[in-house]
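Chains as they are written, first to last, in our numbering: chain A, 29 to 245; chain B, 133 to 289.
Because the hints were derived from the structure by calculation, they are not lab data.
Some clues are possibly wrong.
Stated by the list, open to error - Cut-off 30 Å, straight-line C-alpha distance, at most; resulting in silico cross-link-like pairs (DSS-like, lysine-lysine):
| id | chain 1 | residue 1 | chain 2 | residue 2 |
| --- | --- | --- | --- | --- |
| 1 | A | LYS131 | B | LYS277 |
| 2 | A | LYS198 | B | LYS205 |
| 3 | B | LYS277 | A | LYS198 |
| 4 | A | LYS198 | B | LYS222 |
| 5 | B | LYS275 | A | LYS198 |
| 6 | A | LYS229 | B | LYS235 |
| 7 | B | LYS277 | A | LYS229 |
| 8 | A | LYS198 | B | LYS250 |
Each chain, written out:
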Amino acid sequence: MLNKLNKNTFLIPAIIILATLAISAGFYISLKQAQQSKQANSNIEGLFWPNPKIINEFSVLDQDGNNFGLNQMKEKWSFMFFGYSHCPDVCPITMSVMANAYKELIGESNNLQVIFASVDPNRDTIEKLFQYVRYFNPDFIGLGGDNQMMSSLTSQIGVAYYINSENKNKDYLVDHSASIFLFDPVGRMVGKISPPHTQNKIIQQFTNIKNFINEQS
Amino acid sequence: MNKVNLFLFAIFFSQMLFSSSAFTDGNVKVSISDAWVSEAPTNVSVLAGYANIHNPSNKLITLIAISSQNFSKIEIHRSVLNREIISMEKQESLEISAENTIKLSPGDFHLMLFEPNKPLRSGDTVTLNFLFSDGHIETIEAKVKRRDTEDHSHQNH
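Required output: the full structure, derived from the provided sequences and hints.
Here is the structure:
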């Protein structure tokens, strides 16, 4: 009897401790599951999550010759595509498709901008960029400057490009990344849209990524 | 007798194969259709050209050069996408196998047209001369057009 009582005095606190542990473990597991279900959303094509790329200050010139940096990326969703005006096939295809997608998207929200950044700033002067981007849409932004300025942007984004110097004359070609990079209104690079690009693909991927990012905040 | 026949046949057959006149003078000429040049912003000095080249003959034919009074130079290029990097690969020539069609189309094989001698706008026409390995020159007119980039699947809805 005494023995039994003694046992109980140890057993009751032990049960309480075990129960508390079990409850907290249950809490922890359900919390984890909730997090995992949130992460399952990150199967969205092209989304960089949970590690969006934080972009530091950069300094380039826009098509009007004004300074363009991180501040100009704020409070807007930005599509950024890299190319050069001496690229007659893929660059204008992407720009035309992007122009069609933009026309459709801008009807729904006006916090959007489309940026064409030159990987060939030596030949793509500011004046050239102005005419180039305006041809596709008067709202489009063209970025250039000199090589050092452009690398303050391209090095951060990790855009691969190199001058294909097989022919060292003025008609050289530039191999470059063909993806469209997507930045949220805080200026973080949150995703990319891989080629080949169609109007529907751009709209769909952008909408999915935007909705996901908005849910997180 | 049989041997002579065989000999004559061999001569005839080899002429069929190797004589360029047999090819170009016959009805099996290479044909070029749907040729167009993409309109571009006015200050852009290189344009892209597209067309379908059909080889109805029973032997391979090679496109070796394109010339035009409207451009300083024309090259054959191919846009190649590899690990999301796009590059343009210059082609020295373009082979079109027997009874086959090669499509020069956006994002693939295309003509790279350098320095138009005047600004080209949608609706203009340029003349292109395609030179083939058998010495035949096919001259065609290509319309300048603005790019139509609508998804075709989208358009059909």
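Hint numbers the structure violates, sorted upward?
none
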